[in-house]
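Sequences and hints are given; from them, build the entire structure.
What follows is the residue order along each chain.
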Amino acid sequence: AQKITQTQPGMFVQEKEAVTLDCTYDTSDPSYGLFWYKQPSSGEMIFLIYQGSYDQQNATEGRYSLNFQKARKSANLVISASQLGDSAMYFCAMRTFGSSNTGKLIFGQGTTLQVKP
Amino acid sequence: DSGVTQTPKHLITATGQRVTLRCSPRSGDLSVYWYQQSLDQGLQFLIQYYNGEERAKGNILERFSAQQFPDLHSELNLSSLELGDSALYFCASSGTGANYGYTFGSGTRLTVV
Numbered sequence: 725a726q727k728i729t730q731t732q733p734g735m736f737v738q739e740k741e742a743v744t745l746d747c748t749y750d751t752s753d754p755s756y757g758l759f760w761y762k763q764p765s766s767g768e769m770i771f772l773i774y775q776g777s778y779d780q781q782n783a784t785e786g787r788y789s790l791n792f793q794k795a796r797k798s799a800n801l802v803i804s805a806s807q808l809g810d811s812a813m814y815f816c817a818m819r820t821f822g823s824s825n826t827g828k829l830i831f832g833q834g835t836t837l838q839v840k841p
Numbered sequence: 088d089s090g091v092t093q094t095p096k097h098l099i100t101a102t103g104q105r106v107t108l109r110c111s112p113r114s115g116d117l118s119v120y121w122y123q124q125s126l127d128q129g130l131q132f133l134i135q136y137y138n139g140e141e142r143a144k145g146n147i148l149e150r151f152s153a154q155q156f157p158d159l160h161s162e163l164n165l166s167s168l169e170l171g172d173s174a175l176y177f178c179a180s181s182g183t184g185a186n187y188g189y190t191f192g193s194g195t196r197l198t199v200v
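For the record, the sequence lines run as chains A and B. Start counting at 1 in the first sequence, then tack on 724, and there's your number in the working numbering. Start counting at 1 in the second sequence, then tack on 87, and there's your number in the working numbering.
In short, the hints are calculated from the structure, not lab data. A virtual CB, placed ideally from N, CA and C, is assigned to each residue, including glycine.
Cut-off 30 Å, straight-line C-alpha distance, at most; resulting in silico cross-link-like pairs (DSS-like, lysine-lysine):
| no. | chain 1 | residue 1 | chain 2 | residue 2 |
| --- | --- | --- | --- | --- |
| 1 | B | K144 | A | K797 |
| 2 | B | K144 | A | K794 |
| 3 | B | K144 | A | K727 |
| 4 | A | K794 | A | K740 |
| 5 | A | K727 | A | K794 |
| 6 | A | K727 | A | K797 |
| 7 | A | K740 | A | K797 |
| 8 | A | K740 | A | K840 |
Chain A is nowhere near these chain B residues, computed Cβ spacing over 10 Å in every case:
| no. | residue |
| --- | --- |
| 9 | I99 |
| 10 | V106 |
| 11 | G115 |
Below you can see the structure in the form of structure tokens.
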């Protein structure tokens, strides 16, 4: 079965510091993609970063990077130089590309990040 | 504007009623996904349509139904509403082939009183 686990319900970080949000996944499909989304208090879902299972390099997008450890089945999000506007809920998600894939995203339970001034 | 339009943004209705949530996908996207986000359940996949056909079903209650029309917009119908159906309902759309991007609408916040 496919599953995403985020074990940190809540995290605090000091402004300008880096923070790592944990995500582990489970799938038997060798081809999959991992996503991180940000959901601020206003409610919208904002795409942050994507990592494919066959990508050789860790994905980066500005201050966001994905620490992809395939053998450990982990895809942690690293936010560098935290800003007050980074305070939000963060979701890790996965889709698979196997023969039974439909394209749906499976989400973890989310991590609430609060950035302290 | 993400390109995915959901209406209405907010909906307050009484138990036992029926409501329809509407979603217009991003231009060119053929797949539409519906998700329910409640406080205790996180983001739950409900149903997916691809070019008018149902493609996958998640934990969607029998009281809920959906469809995708020829112009690719989709509607999620919720009937015999219960207090526990109060949630944020998201629609997302995605393209095909190498475009793995999923775009979410701003959601419909449903409150059942």
